[in-house]
Amino acid sequence: MITWLDNPLVQSALLPFIMALVLARVLAAFLPRWQGLAIPLGFYPAAVLMAGLQLVPFTSTRKILLLGVIAVILSGIFSWRNMLGLSHRFLLAVSIVVATLWVLWPLLMRTDGLALLSVLGSGLIYMLWLTLLIDAQRLDMPVKLLNACVFSAGVAVVATIGGSALLGQLSGALAAATGGVLLVVFFSRKPSDAQMFMFPVMLMAGLLSLAAVVYASLPWRSLLCLMAIPLVSLLPLSFNKLWLKLLIQLLLMLMAVAGAVYIAWDFSSNLALDNADNGYY
Amino acid sequence: MRNLMFFVILLLVGTAAQAAKESYTIDPYHTYPNFTINHLGFSTMHGRFDKTTGRLALDRAGMTGALDISIDATSVSTGMKKRDDHLRGPDFLNSGEFPTITYKAGRVKLNKDGTGQVNGQLTLAGVMRDVTLTVNAMHCATHPFDPSKKKFVCGFDASAVIKRSDFGIKYGLPAIGDEMQLSFEVEAVRD
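One line per chain: the protein sequences are A and B, in this order.
Residue numbering for the first sequence follows our numbering, beginning at 1 and increasing consecutively.
Residue numbering for the second sequence follows our numbering, beginning at 1 and increasing consecutively.
Treat the hints as calculated values from the structure; they're not laboratory data.
Hints should not be assumed to be uniformly reliable.
Which residues of chain B face chain A? A few of them, derived with a C-beta cut under 8 angstroms, are [stated by the list, open to error]:
| # | residue |
| --- | --- |
| 1 | Gly89 |
| 2 | Asn94 |
| 3 | Gly96 |
| 4 | Gly155 |
| 5 | Gly168 |
Each residue gets a CB set at the ideal place from its N, CA and C atoms; glycine is no exception.
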């Protein structure tokens with residue numbers, strides 16, 4: 001094994017970014033409709049380096065990676081069959097509910113009463129909000145990609161602070177791969193279509209952040225801030241220049257990320273202060 | 001008549017064998033499985049699990065037995081809450097998904113000097129591996145503080161060196177040590 005491939009920075013940023021960038025450029029030339037496929041193609045090699053190929057033990061992280069593959073296939077089928085509108089959204093909603101239940105299952109098995117309703121209810125509302133809000137809107141492709149990229153990057157930071165380097169690194173790789181495609185789409189003169197791959201990206205990023213809350217120690221309040229990111233892309237900003245619109249949206253989205261990071265950091269510092277020492281590492 | 005005698009002998013042998021095998025319940029207040037691990041090459045960090053339950057079956061005459069220990073993975077304690085939370089998370093023990101660590105051994109072989117060997121399976125973070133514990137010391141006696149003198153206790157110190165990567169726990173490798181010493185200091189009360 002080449003040792004530099006073990007470097008967390010290579011795995012969670014450089015490798016997925018460069019792979020997605022190159023593949024998005026190639027797909028734009030030959031299969032423009034499938035340009036968004038560069039996101040999973042850039043992400044998964046990095047994910048395999050981080051989490052391995054084995055499925056045993058079947059942890060929530062491995063479930064999320066498997067769900068991402070299923071979501072890519074589903075998205076391809078939806079696009080191929082031109083499934084849009086209510087039937088498409090209904091199928092997406094059902095898929096999100098099933099995926100969320102599956103990831104939360106080990107916790108739900110040991111929880112009952114109000115605690116169970118609270119975890120299940122908030123988890124489902126969070127996931128449906130994230131995925132359907134982006135999918136349902138008629139937004140420019142760069143805006144959707146920016147949304148997914150900033151959201152995944154935000155999850156990467158808060159998950160790492162919230163106690164899981166693995167979940168943070170995986171989200172980082174997702175953000176980097178989405179960022180690579182975003183760059184190609186932004187500088188491309190042709191209209192692009194990466195729409196079909198927004199579902200797997202938002203599904204995986206959402207589930208990774210949910211796992212950071214229920215299986216690590218990220219506070220729920222952090223996710224509330226991240227939920228504001230899809231709303232930013234719906235703001236009626238009318239600028240002639242796309243780059244200006246993206247810049248304003250990026251700044252607003254970063255404010256939501258900053259709020260989430262602050263909450264996660266504050267919570268984490270309080271844990272450390274319980275011991276009057278924050279020099280854990 | 002011969003059949004009846006054969007039956008009586010069988011019954012007596014069976015009862016004697018049953019009497020030889022004693023059943024014990026692990027005392028959670030005097031049993032704290034613990035571990036040590038190298039920290040970045042600087043020092044050795046210690047940690048322990050605060051909640052343990054289990055059973056011990058012992059044939060003191062035959063010097064054999066069986067062991068079944070369940071450890072609450074969420075009870076890990078290193079003296080710092082933030083680090084303990086990290087240890088409970090997906091990077092290490094993943095206690096949200098795998099709340100119990102178990103050690104099940106069907107073959108306990110003891111020597112007269114109190115040492116011995118335990119061959120069993122350790123399940124950690126959802127992965128099961130064969131782990132052989134070395135019994136460093138064992139002592140069985142009536143509890144000295146029990147006024148009725150009926151409480152009979154067996155205790156032992158056993159340990160093994162495991163590789164956490166064998167259990168899929170790879171965070172921080174190789175900076176944070178792969179090999180960790182796992183120690184079981186157990187007291188069990190006869191039922």
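Hints, one by one, checked against the model:
1. Gly89: 4 angstroms, holds
2. Asn94: Because about 6 angstroms separates asparagine 94 of chain B from the closest Cβ in chain A, which is inside the 8 angstroms limit, the hint holds.
3. Gly96: Interface hint status for glycine 96 of chain B: holds (4 angstroms vs cutoff 8 angstroms).
4. Gly155: 32 angstroms, violated
5. Gly168: Glycine 168 of chain B check passes; min Cβ-Cβ to chain A is 7 angstroms, inside 8 angstroms.
Against the hints set out earlier in the document, a violation occurs for number 4 only.
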